[in-house]
Amino acid sequence: MIGRVSGSALGAVLLYFMFYDRLPAVLLLAVSLLFLLGGILGGLHHSHGGLLSIDLHAQRSRLGGYHAGLKVLVATAAAFTCVAANSLCVSVFVFLFMSGVTVLVGKTSFHYYLSLLTLPGFFILMGTAAILFQFSGTPAGVFAAGTGAVYICVTAASQSRALSVMCNAFGAVSCLYMLSLSTPMHKIIGVLRRARVPKVMVELMVLIYRYLFVLLETNSHMVNAAASRLGYRDYPTSVKTALRGSRNLLFLSFRRSSDCFAALEARCYNGEIRFLDKAQALGRGEAAAAVGFGAILAALCHLTGGVHL
Amino acid sequence: MSEALLEFRDISYAYEEGDFALQPLSLTIQPGERIGVLGGNGAGKSTFFLCCNGVLTPDSGRIFFRGREVTRKKPDLLELRKNVGIVFQDPNQQLIASTVEDEISFGPMNLRLPPPEVASRVEEALTAMNLGRLRERPPHYLSGGEKKRVSIADVLAMEPELILFDEPTASLDGVNIEVLDSILAKLSQGGKTLMVSTHDVDFCWRWASRVLVFRAGRLVADGLPHNIFSDDALLKNNGLQKPVLLEVTRMLEQKTGTAPGAWQPKNLAGLNEIINAVL
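Line order of the protein sequences matches chains A and B.
Heads up: take any position in the first sequence, counting from 1, add 7, and you land on this note's numbering.
Residue 19 in this note's numbering is what sits at position 33 of the second sequence, and the numbering runs on without skipping anything.
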């Protein structure tokens, strides 16, 4: 609750100063207050375990059937373009397009999508605040407040820069969310494998992905077992339990790894983890859509002053 | 007598020197047998299984597969692992891939089969274990019974002649135990040789054609289910219960004055016939 309020307040304050002196004061105040209330009253709450449920949402996405390589290509290219073009127009277009694809085509719930955005959103807002507010010895810019010795100023230039950094960042984040909310991990790993990423890295990704869940499962069993014996009754006990739990988890991991190695060997493991590679055919429709999106993006870049690397 | 499938001659194994997990043992497994392996925790069943497919190399003794000696050389061991599959007790120990399909392809890929052959074996295993619907699912979103079926499909796809199941019924619910029963029956009809370690004497009684009993790393008994389960001293020494069906039959035999061992019903239907005949 505290996080939600402070996050919304920070967002509202930033919004207010970012457009200070650019929009009519009444309108600006109204928008900022709306943002604050919306944030507090429920729209933008951060769901627990959000990062892991991404995997589940990716499994269910209607975008799951589309060519994984194409999605990786489009998402990374668009994210890079957002940063390199450094243009409001491009970033806003990418953000709207990617969010639209994720929510409207992929059928990821809008509420869930918003709650996912709050996590990187918080960091982006913090970064934006540092750019927007500047310290100066003399009052300058469109807004200044201070003690006479030091002033916090907002200048027109810092407003523009903060706005564009924020939009670029949200644009790029939306690309990565489009990818991770539509493509199960194994398909991304498959793309990397085909892209000739070193085998060791791909094998590690497979094993980490798999055993992350085994580790979490083991941990949750242990936490439940400890909690049912009052292991978390108060703070000192909780600390002790958590310490013991992590030590136990380490020992279990060692044992598990030797057990798993035996199981691998039982199936003729010979130093290399290989699975059947199923190439996915690229559909005409999806290819045309990607080309269309690329063309619009290129045109926008061209119109707004090109790409700066 | 047909050619033995797997033969152990004085095989022993110690995880640490002098501390035998498996005392020297000799036995022969014939094709088509259904072997139940009984014994308490730590009796050496799992070690025995791992020796059977060459994951553990015994400290002493010789292993023969279809009459050919299996040496400690890698190609020989790989050949043995190809022919003897293990379905591990905990599917989490066995499953490594991110999808069911990938998971099943792991073994055949290791056999260096051509991709079309791997694909067709994966399909067969998926069908046999009724997993077609789950092919793209990651293992951690499967139920316990589904995971067990995937771990069996893993081994089926390698087409071994002998399949070892390490306590397959542990942590399965009633419905899934029934499914497992029918899978075992189907495999047996399909000509596979099966060996199942279990604590479930009732299962052993109704399913096995031969029973091995381990205690403290030693093979203490090896025989027909009827002989093993009629030996009260053996059962007592090894902490084993008598199968309920056999117990009931004994009571009936005593009541009716029939010679002990005359009836050996393997299931409720069999018992019912006897009851109908007597009463």
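Hints listed in this document are in silico derivations from the structure and should not be mistaken for laboratory results.
Glycine is no exception: its CB is placed at the ideal position from the N, C-alpha and C atoms.
Each hint should be verified, as a subset may be incorrect.
[What the hints assert, rightly or not] Once the Cα atoms are required to be at most 25 Å apart in a straight line, the calculated BS3-like pairs of lysine-lysine come out as:
hint	chain 1	residue 1	chain 2	residue 2
1	A	206	A	285
2	B	241	B	228
3	B	172	B	60
4	B	178	B	222
5	A	206	B	60
6	A	285	B	222
[Claimed, not checked] These stretches of chain A come out as covered by chain B in the derived footprint (C-beta under 8 Å, 3 or more residues):
hint	region
7	28 to 39
8	91 to 104
9	210 to 218
10	234 to 242
11	295 to 303
Worksheet entry | Outcome, coverage hint (the region 28 to 39 of chain A, chain B; C-beta under 8 Å; three residues) | Three-residue rule not met by the region 28 to 39 of chain A, so violated; n is 0.
Worksheet entry | 8 Å C-beta test of the region 91 to 104 of chain A against chain B, three or more residues | Contact hint for the region 91 to 104 of chain A vs chain B: violated, 0 residues under 8 Å.
Worksheet item: Is residue 285 of chain A close enough to residue 222 of chain B, meaning Cα to Cα at most 25 Å?
Response: violated (55 Å)
Worksheet item: If you look at each residue in the region 210 to 218 of chain A, do at least three have a Cβ nearer than 8 Å to any Cβ of chain B?
Response: holds (count 4)
Worksheet item: Is the hinted pair residue 241 of chain B and residue 228 of chain B satisfied, with a Cα-Cα distance of at most 25 Å?
Response: holds (18 Å)
Worksheet entry | Straight-line alpha-carbon gap residue 206 of chain A to residue 285 of chain A, limit 25 Å | The hint holds at about 17 Å.
Worksheet item: Is residue 206 of chain A close enough to residue 60 of chain B, meaning Cα to Cα at most 25 Å?
Response: Holds, because 23 Å separates the two Cα atoms, which is no more than 25 Å.
Worksheet item: Has the region 234 to 242 of chain A got at least three residues whose CB is nearer than 8 Å to a CB belonging to chain B?
Response: As far as the region 234 to 242 of chain A goes, the hint is violated, because 0 residues have Cβ atoms under 8 Å from chain B.
Discussion item. Holds or violated: residue 178 of chain B and residue 222 of chain B, Cα atoms, limit 25 Å.
Written reply: Not OK: residue 178 of chain B and residue 222 of chain B at ~32 Å, beyond 25 Å, violated.
Discussion item. Count the residues of the region 295 to 303 of chain A whose Cβ falls closer than 8 Å to any Cβ of chain B, and tell me whether that reaches three.
Written reply: Violated: only 0 residues of the region 295 to 303 of chain A have a Cβ under 8 Å from chain B.
Worksheet item: For the pair supplied as a hint, residue 172 of chain B and residue 60 of chain B, is the alpha-carbon distance within the 25 Å limit?
Response: violated (32 Å)
Hints 3, 4, 6, 7, 8, 10 and 11, counting from the list given before, are not met by this structure.
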